[in-house]
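Visitor: If you read the sequences in order, they're chains A and B. Under our numbering, the residue at position 48 of the first sequence is numbered 48, and the numbers go up by one with no gaps. Under our numbering, the residue at position 154 of the second sequence is numbered 154, and the numbers go up by one with no gaps.
In case anyone wonders, no lab produced these hints; they're calculated from the structure. Each residue gets a CB set at the ideal place from its N, CA and C atoms; glycine is no exception. Among the hints, erroneous ones may be present.
As the list claims (entries may be wrong) - The calculated lysine to any residue pairs, modelled on SDA-like cross-linking and capped at a C-alpha distance of 20 Å, are:
| no. | chain 1 | residue 1 | chain 2 | residue 2 |
| --- | --- | --- | --- | --- |
| 1 | B | K16 | A | G65 |
| 2 | B | K97 | B | K109 |
| 3 | B | K16 | A | M127 |
| 4 | B | K16 | A | V8 |
| 5 | B | K16 | A | C87 |
| 6 | B | K16 | A | P59 |
| 7 | B | K109 | B | Y124 |
| 8 | B | K16 | A | G162 |
| 9 | B | K97 | B | E81 |
| 10 | B | K16 | A | A148 |
| 11 | B | K16 | A | P40 |
| 12 | B | K16 | A | V141 |
| 13 | B | K16 | A | V160 |
| 14 | B | K16 | A | W91 |
| 15 | B | K16 | A | G155 |
| 16 | B | K16 | A | L61 |
| 17 | B | K97 | B | G160 |
| 18 | B | K16 | A | I60 |
Claimed, not checked - Per the computed footprint, the stretches of chain A lying under chain B, defined by three or more beta-carbons under 8 Å from a beta-carbon of chain B, are:
| no. | segment |
| --- | --- |
| 19 | 4 to 18 |
| 20 | 114 to 123 |
Unchecked claim - Listed below are several chain A residues computed to face chain B (Cβ distance under 10 Å; list not exhaustive):
| no. | residue |
| --- | --- |
| 21 | F24 |
| 22 | P32 |
| 23 | A139 |
| 24 | Q142 |
| 25 | M144 |
| 26 | G155 |
| 27 | G162 |
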Amino acid sequence: MDQNRLQVWGMRAAFVLIALVIVFFHLLPLDPSPGRWAGPDLLVAVVFAWAVRRPDYVPILLIAGVMLMADMMLQRPPGLWSVLVVCAAEWMKSRERRQRETTFVLEWMTFAGCLIAITVVYRAVLMVLIVVPGTFTLAFVQVMMTIALYPVVVGVSHLVLGVRRAAPGDVDRLGRTV
Amino acid sequence: MAKNGSNSEDYTTPLKRLLLAVVILCLLGVFFLWRIDSPRVERFRAAVIDTVLPSFDWAMAPVTATVNLGRDFRSYQRIYEQNQELRRELRQMTAWKEAALQLEQENAKLRDLNNVRLDTRLTYITGVVLADSGSPFRQSVLINVGSRDGIVDGWATMDGTGLVGRVSGVGANTSRVIMLTDATSRIPATIQPSGQRALIVGDNSASPPIDFLEDPDQVRPGDRIVTSGDGDVFPPGLLIGQVAQDPGGRLRTRLAADYERLEFLRVLRDHGARRVSNPAALILPETPPVDAEEEASAEAEVSQ
Numbered sequence: 001m002d003q004n005r006l007q008v009w010g011m012r013a014a015f016v017l018i019a020l021v022i023v024f025f026h027l028l029p030l031d032p033s034p035g036r037w038a039g040p041d042l043l044v045a046v047v048f049a050w051a052v053r054r055p056d057y058v059p060i061l062l063i064a065g066v067m068l069m070a071d072m073m074l075q076r077p078p079g080l081w082s083v084l085v086v087c088a089a090e091w092m093k094s095r096e097r098r099q100r101e102t103t104f105v106l107e108w109m110t111f112a113g114c115l116i117a118i119t120v121v122y123r124a125v126l127m128v129l130i131v132v133p134g135t136f137t138l139a140f141v142q143v144m145m146t147i148a149l150y151p152v153v154v155g156v157s158h159l160v161l162g163v164r165r166a167a168p169g170d171v172d173r174l175g176r177t178v
Numbered sequence: 001m002a003k004n005g006s007n008s009e010d011y012t013t014p015l016k017r018l019l020l021a022v023v024i025l026c027l028l029g030v031f032f033l034w035r036i037d038s039p040r041v042e043r044f045r046a047a048v049i050d051t052v053l054p055s056f057d058w059a060m061a062p063v064t065a066t067v068n069l070g071r072d073f074r075s076y077q078r079i080y081e082q083n084q085e086l087r088r089e090l091r092q093m094t095a096w097k098e099a100a101l102q103l104e105q106e107n108a109k110l111r112d113l114n115n116v117r118l119d120t121r122l123t124y125i126t127g128v129v130l131a132d133s134g135s136p137f138r139q140s141v142l143i144n145v146g147s148r149d150g151i152v153d154g155w156a157t158m159d160g161t162g163l164v165g166r167v168s169g170v171g172a173n174t175s176r177v178i179m180l181t182d183a184t185s186r187i188p189a190t191i192q193p194s195g196q197r198a199l200i201v202g203d204n205s206a207s208p209p210i211d212f213l214e215d216p217d218q219v220r221p222g223d224r225i226v227t228s229g230d231g232d233v234f235p236p237g238l239l240i241g242q243v244a245q246d247p248g249g250r251l252r253t254r255l256a257a258d259y260e261r262l263e264f265l266r267v268l269r270d271h272g273a274r275r276v277s278n279p280a281a282l283i284l285p286e287t288p289p290v291d292a293e294e295e296a297s298a299e300a301e302v303s304q
């Protein structure tokens, strides 16, 4: 049981490390001129992929903390994107509990729907509060890139880090089924 | 065990809901605090970045250097053409250098005759670019000089040739430069030689459009754009770039600074720059003007 606990905390640490690496690569001053393309928002893909597979690896506080850190470092309005990601991730966690037997395509669709929904809400809130939300095309490209790369993120998490859905026999430290 | 599990679930679910609600409220609180008192939260952000980023620097510098090396390597493929091109340019430059030297000497002589004391206001501090804004929606860079080196909010930054942006957000060791291409950047400019006033409005593209131009007919592609010094935003006369026309007929700025390779930035010391300390300081005067009638009635009350 202790072994189990150790593994959970190890994976939480790995999540924070991955988030830091992603932010680090965002911040590299490679080409400061404005680009026509926006890269994918990998952090969100990782959060959702892990939240669906192993909710205990990404507890609420951890998601909130990491996203707030990303908001701060990446010059976004602090708090808004984090709150949307936390809500969407929690919703996906609760949904995952109800229907375990989902296909990957369905999960991918859910992810796409969630991402589009929170992006729309994010831009709408910023527009209502008269903050410039950035050009629409860039946001569109970013969402599409993120959706397109979601299977890759899931694959890497599954194969390299071993983040996969709990098998029917697995129990957590309180003896509940995961 | 199944029963046991369902029991503990009963305890944890409400707790989890409560935690979720608290987290959501906290994050929303942070967001609204930022919206209401932006300068304070931005100062906090600058402080956070100021403490976090310099510790990343040991890793950032080599990775950036490696990627740039790879990019340079690609340009070696056409090294012969480049060499020829550079030789041609060098020949032209030698002629210009000769002319410049002659002019410099003449200038020195004339200054000596007039006993002119040059304006020493515009000295500069050079900083190294540490990091990008990290988001495709914001155009800013972080440089490694801060309040410790005397940097003040609002100062202009240039690369070797042209204006790059404005300092906004100063930490102890780092400061953020909002570039002219950022969607929030508005720089008053004069277009030479016609002397037309205009605003260079950043829109997240590589060549920001020219807006609020009095008479577009007097402006031609190729005209020089310099800062006008209006509103004490920047000292006048800093080179921004050249006028260019996009296929839609809109006038845009071809920036003189090389935005693709920003490595070193000069921050110009400018003690006349206007500082923004509270959210309304740009729009409202420091002390609200008292209404004349109100004043009169207040005086009447006092005399009664």
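Visitor: Indicate, hint by hint, whether the structure satisfies it.
Guide: To see whether the hints hold, each was checked on the structure:
A distance of roughly 16 Å separates the Cα atoms of K16/B and G65/A; the hinted pair therefore holds under the 20 Å criterion. Of the supplied pair hints, the one linking K97/B and K109/B holds, its CA atoms being roughly 18 Å apart against a limit of 20 Å. Distance hint between K16/B and M127/A is unfulfilled; the C-alpha atoms sit about 32 Å from each other, more than 20 Å. Taking the CA atoms of K16/B and V8/A, the gap is near 18 Å; set against the 20 Å cutoff, the hint holds.
At roughly 13 Å between alpha-carbon atoms, K16/B and C87/A fall within 20 Å of each other, so this suggested pair holds. Taking the CA atoms of K16/B and P59/A, the gap is near 10 Å; set against the 20 Å cutoff, the hint holds. Between K109/B and Y124/B the alpha-carbon distance is near 26 Å, which puts this suggested pair outside the 20 Å criterion. The hinted pair formed by K16/B and G162/A fails the criterion: a straight-line CA distance of about 26 Å is larger than 20 Å.
For the hint pairing K97/B with E81/B, the CA-to-CA distance comes to about 24 Å; that exceeds 20 Å, so the pair is violated. Only pairs whose Cα atoms come within 20 Å are accepted, and K16/B paired with A148/A is rejected, the gap being roughly 32 Å. Between K16/B and P40/A the alpha-carbon distance is near 31 Å, which puts this suggested pair outside the 20 Å criterion. Proposed proximity of K16/B and V141/A is contradicted: the alpha carbons are some 35 Å apart, above 20 Å.
Between the alpha carbons of K16/B and V160/A the distance comes to roughly 30 Å, so the proposed pair goes past 20 Å and is violated. A C-alpha spacing of about 13 Å is found between K16/B and W91/A, which places the hinted pair at or below 20 Å, so the restraint holds. Under the criterion of a C-alpha separation no larger than 20 Å, the hint pairing K16/B with G155/A is inconsistent with the structure, at around 29 Å. For the hint pairing K16/B with L61/A, the CA-to-CA distance comes to about 11 Å; that is within 20 Å, so the pair holds.
The straight-line distance between the Cα atoms of K97/B and G160/B is roughly 17 Å, inside the 20 Å bound, and the hint therefore holds. Annotation: proposed proximity of K16/B to I60/A holds, straight-line Cα distance about 9 Å (limit 20 Å). Closer than 8 Å: that is the beta-carbon criterion, and the segment 4 to 18 of chain A has 0 residues meeting it against chain B, so the requirement of 3 is violated. Counting residues of the segment 114 to 123 of chain A whose beta carbon lies closer than 8 Å to any beta carbon of chain B gives 0, which falls short of the minimum of three for the stated coverage.
The criterion of a C-beta within 10 Å of any C-beta in chain B is met by F24/A, whose closest approach is roughly 6 Å, and the hint holds. For P32/A, the suggested interface contact is upheld, since its CB lies about 5 Å from the closest CB of chain B, less than 10 Å. Taking 10 Å as the C-beta cut-off, the interface hint given for A139/A holds, the closest approach to chain B being about 8 Å. Evaluation of the Q142/A hint against chain B yields a held restraint, the C-beta minimum of about 7 Å falling below 10 Å.
Interface hint status for M144/A: violated, as the beta-carbon distance to the closest one in chain B is roughly 13 Å, over 10 Å. Of the supplied interface hints, the one on G155/A is violated, with its beta-carbon coming no nearer than about 25 Å to a beta-carbon of chain B, more than 10 Å. Hint status for G162/A relative to chain B: violated, with the closest Cβ pair at about 24 Å, above 10 Å.
Hint check: violations occur at hints 3, 7, 8, 9, 10, 11, 12, 13, 15, 19, 20, 25, 26, 27; the rest are consistent with the structure.
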